[in-house]
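Asker: Here's the letter readout for the chains.
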Amino acid sequence: MSSLPRVKAAASRIHLFNLSPAQGSQHKQKRLGRGQGSGRGGTSGKGHKGQKARAGNGKPKPGFEGGQTEITKLFPKKGFVNPNAKVYAAVNLDRIQAWIDQGRLESSPEKPITVRDLLLSGCIHDAKDGVKLLGDGAEELKTPIHITPARASKSAIQAVEKLGGTVFCKYYNDLALRDCLKGRTDRTEAAPARQPDILWYTDWNNRGYLSPQALAKMPPAITNPRWKELSKQLLAHKTQEYDRAK
Amino acid sequence: MLAAVRQTFRRLPQCACLSTAATDSLANSPPLGLLKTAEVASRVLGVGQGSGVQALPVTLPVLLTMSSLIRPESGTTAPSDQLVELDPSVFAHPIRRDILHLCVVHHLDGLRQGSANTKSRGEVRGSGRKIRPQKGTGNARLGDGQSPMLRGGGVAFGPKPRDFSTKLPRKVIQMGMRVALSAKLREQSLGVVESLEWQGIKTKPLVERLRELGWEKTLFVTGREEVPVGLEKSASNILGVDTVTAEELNVYDAVKWHRIILDISAIQWFEQTLGRDARVQ
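So the protein lines, in turn, are chains A and B. So that you can map any letter, position 226 of the first sequence is 226 in our numbering, and since no number is skipped, the others follow by simple counting. Quick note, our numbering runs 246 ahead of the 1-based positions in the second sequence.
I should point out that these hints are in silico values taken from the structure, not numbers from a laboratory. Worth double-checking, as some hints may not be accurate.
[Stated by the list, open to error] Non-contacting residues of chain A with respect to chain B, defined by C-beta distances greater than 12 Å in every case (computed):
1. ARG13
2. PRO21
3. ASN57
[Said to hold, decoys possible] Negatives, chain B to chain A, calculated, CB over 10 Å:
4. VAL308
5. ARG343
6. LEU346
7. MET395
8. ARG455
[What the hints assert, rightly or not] Once the Cα atoms are required to be at most 30 Å apart in a straight line, the calculated DSS-like pairs of lysine-lysine come out as:
9. A/LYS182 with A/LYS86
10. A/LYS217 with A/LYS182
11. A/LYS30 with B/LYS381
12. A/LYS28 with B/LYS417
13. A/LYS111 with A/LYS246
14. A/LYS30 with B/LYS463
15. B/LYS406 with A/LYS46
A virtual CB, placed ideally from N, CA and C, is assigned to each residue, including glycine.
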């Protein structure tokens with residue numbers, strides 16, 4: 001008896017009872033051990049006896065390769081992971097220019113672009129430990145921008161200052177970054193305490209905010225009166241006198 | 247070409263264009279009041295008829311004759327003389343039964359209570375005492391009395407309360423709504439009224455009016471935040487009639503109900519949320 005061809009009644013009314021999924025879109029579930037006719041009865045696709053035919057996994061442990069040295073054991077361990085390492089969210093100059101063109105970012109010396117502005121405008125998706133300004137696409141930068149990232153590359157600094165913008169790198173610890181992102185200004189932002197951080201943020205080459213040249217150039221609207229004193233104390237080591245052993 | 251089409255549609259009024267058209271031209275046309283191509287083209291392109299060859303838009307706006315819940319007064323224009331222009335991307339969408347299937351199954355999955363429960367051998371009340379010695383009796387070895395092998399024992403792999411709800415992409419549900427509305431329009435089961443305001447809260451006048459109109463199993467959809475009180479209260483006790491807001495309307499109900507009556511604010515709501523402009527970001 002030949003099967004009747006399936007004619008789709010394209011013009012019939014649509015009811016709850018004549019809806020069906022697209023042909024080939026839904027796959028029947030594999031049901032093991034339900035009789036010979038299903039093709040997966042009896043031993044349920046496991047063959048006869050042996051370790052693999054038993055209940056449970058069939059392997060002594062994950063990644064076991066029958067005794068051959070596992071791929072996870074072939075290669076030696078190396079190094080360590082530094083829990084204090086900082087990962088910065090990179091932002092390139094071409095991206096910032098594109099955002100400015102779309103009207104999603106704007107900057108002025110009194111209101112520089114902060115990590116909060118970058119996050120809310122969608123320029124970065126995650127602030128991580130701060131934002132680092134990088135110089136890819138420096139040719140596309142057309143407008144002078146004023147930005148206070150956590151770090152900035154030398155080429156980015158050059159490109160921004162060539163157009164008359166300003167870059168001042170500010171130190172953000174975890175709490176200060178969180179406050180900046182939430183827009184909280186009631187707490188005092190901590191000064192850098194680790195020696196490498198102090199040396200970095202007091203260096204004008206990096207446009208560190210605690211360098212004397214940066215403090216002179218920064219508009220008063222964005223400075224904290226503490227910073228002048230901090231800068232003086234943190235740079236005292238450069239001209240300090242020591243007792244030397246004779 | 248498509249840009250030109252989009253431009254022409256933006257020049258058209260947002261949606262509900264109530265225009266009086268000659269009754270005789272409508273008398274012979276099907277309820278899905280599509281006027282003659284040339285007439286529509288001249289309206290859409292703003293060009294006088296017979297002014298030369300013009301490229302027609304790819305999709306023509308869908309036109310539907312209006313209805314009225316309140317008996318129209320003799321002096322005013324009859325609602326059947328009025329047309330409403332519907333966005334074709336919402337109301338003349340290609341019919342996709344498989345999308346409707348997905349939306350309906352997703353809806354019904356979410357309705358499941360999922361409260362079937364059985365006790366496993368660990369939950370059946372009983373002690374862990376071995377009920378007969380391992381060896382010596384000629385029968386099979388048995389442990390505690392709650393084993394699924396035994397009468398009164400627990401169920402092996404029985405149902406447990408679980409969540410049967412599934413997830414479906416938001417855009418599939420939106421397309422399902424467009425397909426459902428288009429299907430209703432195509433089957434001449436969609437009506438548009440100017441407003442769903444109804445005077446009074448007694449059931450009887452509404453039952454009489456609905457019998458006049460022949461609106462037996464209808465769902466009234468309003469685009470406002472709440473269904474008008476008069477209609478809601480009057481229809482609450484009528485079997486086969488229900489009221490809902492456009493926001494709360496789901497694809498299941500749009501397919502289930504035999505007839506759907508929308509008011510102008512509902513049309514606007516659907517065109518705003520499901521139309522081309524809402525999709526193209």
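Asker: Just pull the numbers of the violated hints for me, sorted ascending.
Answerer: 1, 2, 5, 6, 11, 13, 14
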